[in-house]
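There are 4 protein chains.
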Amino acid sequence: MSKKIKSAIVGTGFIGPAHLEALRRIPNIEVVALCEVNIELAREKAELLGIPHAYTFEDMLQNPEIDVVHICTPNFLHYSQSKAALLAGKHVICEKPLATKIEEAEELVAIAKEKGLVNAVHFNLRYYPMVRQMKNMRENGELGEVYSIMGSYLQDWLFLNTDYNWRLEPDKSGDSRAIADIGSHLLDLTEYVTGLKVTEVMADFSTVHKTRLKPLKAIETYSGKMLQESDYEEVPINTEDHATVMLRFDNGNKGSVTVSQVNAGRKNRLNIEIAGSKSNFEWCSERPNELWIGKRETANQHLMKDPSLFTREAAGLISFPGGHIEGFPDTSKQMFKEVYASVREGKQPENPTFPTFEDGLRELVICERIIESHRKQAWVKI
Amino acid sequence: MSKKIKSAIVGTGFIGPAHLEALRRIPNIEVVALCEVNIELAREKAELLGIPHAYTFEDMLQNPEIDVVHICTPNFLHYSQSKAALLAGKHVICEKPLATKIEEAEELVAIAKEKGLVNAVHFNLRYYPMVRQMKNMRENGELGEVYSIMGSYLQDWLFLNTDYNWRLEPDKSGDSRAIADIGSHLLDLTEYVTGLKVTEVMADFSTVHKTRLKPLKAIETYSGKMLQESDYEEVPINTEDHATVMLRFDNGNKGSVTVSQVNAGRKNRLNIEIAGSKSNFEWCSERPNELWIGKRETANQHLMKDPSLFTREAAGLISFPGGHIEGFPDTSKQMFKEVYASVREGKQPENPTFPTFEDGLRELVICERIIESHRKQAWVKI
Amino acid sequence: MSKKIKSAIVGTGFIGPAHLEALRRIPNIEVVALCEVNIELAREKAELLGIPHAYTFEDMLQNPEIDVVHICTPNFLHYSQSKAALLAGKHVICEKPLATKIEEAEELVAIAKEKGLVNAVHFNLRYYPMVRQMKNMRENGELGEVYSIMGSYLQDWLFLNTDYNWRLEPDKSGDSRAIADIGSHLLDLTEYVTGLKVTEVMADFSTVHKTRLKPLKAIETYSGKMLQESDYEEVPINTEDHATVMLRFDNGNKGSVTVSQVNAGRKNRLNIEIAGSKSNFEWCSERPNELWIGKRETANQHLMKDPSLFTREAAGLISFPGGHIEGFPDTSKQMFKEVYASVREGKQPENPTFPTFEDGLRELVICERIIESHRKQAWVKI
Amino acid sequence: MSKKIKSAIVGTGFIGPAHLEALRRIPNIEVVALCEVNIELAREKAELLGIPHAYTFEDMLQNPEIDVVHICTPNFLHYSQSKAALLAGKHVICEKPLATKIEEAEELVAIAKEKGLVNAVHFNLRYYPMVRQMKNMRENGELGEVYSIMGSYLQDWLFLNTDYNWRLEPDKSGDSRAIADIGSHLLDLTEYVTGLKVTEVMADFSTVHKTRLKPLKAIETYSGKMLQESDYEEVPINTEDHATVMLRFDNGNKGSVTVSQVNAGRKNRLNIEIAGSKSNFEWCSERPNELWIGKRETANQHLMKDPSLFTREAAGLISFPGGHIEGFPDTSKQMFKEVYASVREGKQPENPTFPTFEDGLRELVICERIIESHRKQAWVKI
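Protein chains in written order, with the numbering used here: chain A, 1 to 382; chain B, 1 to 382; chain C, 1 to 382; chain D, 1 to 382.
The reader is advised that the hints may include incorrect statements.
When chains are identical, the list treats them as one kind, so a pair holds in a single copy or across two.
PhoX-like mimics (lysine-lysine), calculated; alpha carbons at most 20 Å apart, straight line [as the list claims (entries may be wrong)]: (1) K4 <-> K45; (2) K210 <-> K278; (3) K347 <-> K4; (4) K295 <-> K135; (5) K3 <-> K45; (6) K4 <-> K337; (7) K172 <-> K217; (8) K45 <-> K337.
Rather than coming from a laboratory, the hints here were simulated on the basis of the structure.
Make the full structure from the sequences, and use the hints.
Below is the structure:
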């Protein structure tokens, strides 16, 4: 039997178990270790999730059998843990954002390069098969020159002023919320599909709820319906619920993105229209198996995810035949398949097909320029 | 029989005959006169269209039987003809834009007010029944406080660099193209539905085709397929193919609009998402009988045009039962029904339900501020 | 000026005024006369609708100036009035159904043929431009051999057991309701688009509301909300709310249609999927400007109504550019344009492009065979 | 750590690996064994898929550590293998169809009952969260009395006459193809969601390709493009490409289903409209996270998969928040989670939430009656 690659998951919030489940779908990878803030919690979660070994983060790094570390902790730990893992000789797959400061991200890029270790950031939206198909069609000339881009990423999980979460607190989550959380996915996808670089940004942020009601007790111990008015504290909100960013690209053309976490009925909807000189792509993450292709001189097209209709490369990200809908959980599986192929080779490839620490750094830079633009109320170069 | 109201149409390009056809659908209005640049053309068109009398514009004004004049000529004539018609005591329905300069529009507003004559600008998109329904639902509190607005108006009729039209020439069409032509409809509709005023704009224009190929001979004498390369002249283009405008509203919240005339496959697509504190509206002019209503705490809704489900006022703009699709031609009919009810009263109402010369002026002001913002690369107050 | 064609409308229920409005949109047609059951009502309606002359039906026939008669009365009058109009030398446009008995329809076909007069039945759904486009694409071989057909026509206006209308009474409306009212449109459209003939039918009817509550007083004097329980009488219902019909075609292939008047939320929705050996068409009357075209070996297509993308013939049924939605009212206009071109020629053409009395007869025959099949619970040949 | 449940997969065609992948996503289940027709193939596949032990079917049954057996072999083996596994004391999850004859399925139901072992048939479509939500809404009275049902299941993988597969051969696949393969899923889902039983059927089958071209050499050794005409043999086809079945239900109401494997562009599309007295459901497997809910007296609804909007039970089948699309692969995971909860209890529950051998038997009976109806050209009772 092929040697199994051995992995550790660090963190068991929402996304850690998602990494675990995705990894288990791929043959010959074994998640052998789970890390949590203390060994008791680690053991409890390991048993629940069926993982053989429980560790603290530091102890895990000592285990020479572990090949790959998945950093799934809160944002402020990404830098230090990724650094430690690299220095311990582990391949690293880090959740986004890669770090909270540009310099930290730059340092991680440098260390990873020096060590030659596989490094990836979990921009999983790239792994919808249709996203790769759009990229390939652009590479094949089927989009033509990009004329304009119009993107949006809309949610409603912070719609009410009683919706509260640590992401609303800048000291834990940073100076930007909607742009950093979801705008980063949209901007990464934009550059990835088009091959263009954003060169200038002009942003305007909007905080619809100037204050929110924060539960006085830990939210886990409450169910929404039982909260009384006296259980809340009104706190000021300083990060954006909504933002529009105008974009300029290195081919001279333009576009914009809008993000919002307060659009009722939009559960998690990334929509992008990429207008080119040959055709026009519209893709929506809530119907990810479909692509609308606009044409001027013939009927428009409506492409379904189907290995027989895709490029060979994009078909490689499809596990089921046409008409069998694949979704969000499948993106991580497909991404990890590509990353672990490099892990099996033992080193970062020269031209990785997956999002790397450099891509993570790129998003930090764009994000910081967007915040700067909003503060200056002016265009800012990237 | 009720006295028939007698009308004249000035101009027989695309939109003049559309006014004519819409008017004829309404009982007890008679289009008795047609005006063209010379009497020969007027006579020819009058026969073709089945209109009894042909005039030059000036002669038509002398006819005391004519109650209403529809100005359907090229933009640069709107001001002078509207003015002359008002001074001759006629009610006026003018195509957009009302004028080419703000001062001219202001003068028309003043004259119309002084004369007490019915005055309207053909912002017909307001007359999709669903647009009135959205407005009514907002008035009834079903939208709540408006949190954000995201609009777009996309076309592809100028997609190719061989697409050529007088609208591409600033001396004939003004300093803005996409914003003035289609952005004005979108901005009018935004303020109309939300009841908000745009207070500040920040714009960025993009000219995708820096030059276009202009036919050396009149386009009417050519069919596209027969043109040779030598039949074209390359001319520089100075107006925008695409623009994004960030918006601030008088309730403190924000939004944006994007317009483009070079998005392949988008034939004529206005799409708007108006996010409020109670619900979220998405409406698209290519499926005008449908409204998506986003909700956070219940299922989203999908409202079909149906008199039994609409407000009494919006149901008044519907001529056919639910499921019987009404479209673009019906908007002008419904608008003229409302305008002619005032004509029958003999004067402009105090609170007109239809778009007036003041609305035409408003769009000119917003448009000019948008152009100014693009030139200054800065936010401009309105 | 071209001589105006003069027409009379007989009947002023829902559809008479719709004929009137459609006719007025076409240059050089003049609706000069209106007929109602008595001269008082005729005069009242003529004034309301702005029609110069009011008549009883018999008197109208005496007027030699009238060229065309539109029969828009209740079904049981169609035969006798069409016959009288033909015998008076008038061209006739009759509402569907052409008659209540096959023999009557056969007689009308014979008289019209003998007289050479223009005759048409108002199967207006054929005049959605996309329907003509589908027909033309089939004629051009773009559909290929028809493999199967699946159609449905769903409404909800009889959804509640308190919904009541004369169409529920067989002595006024015939032995079939859903099939005769809306199934006939769907079957006409099926044969029209595909060029196939239905050769055998197997039907099953379903009466969901075995009884309904009939208002004891005339429904016009009531608004729904004011009715008390005592204002209703429970009456048995003998006609179908819902039906499925299996079909066999003259090319050996098969299909089915489903009709229902009790499907909540379906306001007036005809949907048809025509699967061929080259492609697959899906068209829905609630989005009539769009056509989905299925493909096996390339992306599917999504065609928008657009004169530049249509056959020359289908483009002839379009009055507005791509993206400008045309709907139900436009179908009658386009149909009458074609019919009146023949009226101007003075006789029925050899190969009419519009639906004729023969088409009206055809639908009566199919309908009767469907009823027979349901009664026999067996396949019946046509 | 919780004791891991140990499972064996029998068969490694398309669906065996899908079972494997789904099982691996669930904590504390271990797929320890793989069976194939000979031990060499079993070893090769086990290594490829990362499964520790390879067996022939008979040897696997001897391993007392194995708790659950998944039967993923060709249809004709389902009966004998399920029977052997039950007799060896294993819990059994069998692919559909449960058997090829009704008597065999009855025997399996009896053995499983006697043994008390967990038994399930892989009707995975029930495990789209929206399907459970529809069922729960019906149970809660939100659908009302079912008035009618209209379903279809369309594919295009056998569209061309050069598409060939063992399923086209009745001796390997049975006397019905489209109905047995995909109609069975649709009928199972219909009864499951509505709670009704089909009581009578009337069917008509259509074989569009009367002959097909069968490759003379094994299809695996060929790529489609390299086949020459001489590599094919023309063979007659006796099973249906397309079928319509009219249905009667035990509440007295009616419906129909259409299945086709030759509708171009329909990759794998189950669509069902269930019209009730309170609302109307339309659901499509190609957009499985969305439900259209028709209403007569309010706006229609459009429900997105979202745990916060679903019943507690249906929310239990959701792993990701609203707007995160889950698809086909997730259905098997959710089903196995429910089945393995019973495995952990050690016995079949009294009221299983998952599809059982009895459900497998039910589909065989319905299918046989449909074939009988087509042969007799008459209604057949079930």
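Quiz item: Of the numbered hints stated previously, which ones are contradicted by the structure, given in increasing order?
Solution: Hint check: nothing fails, all pass.
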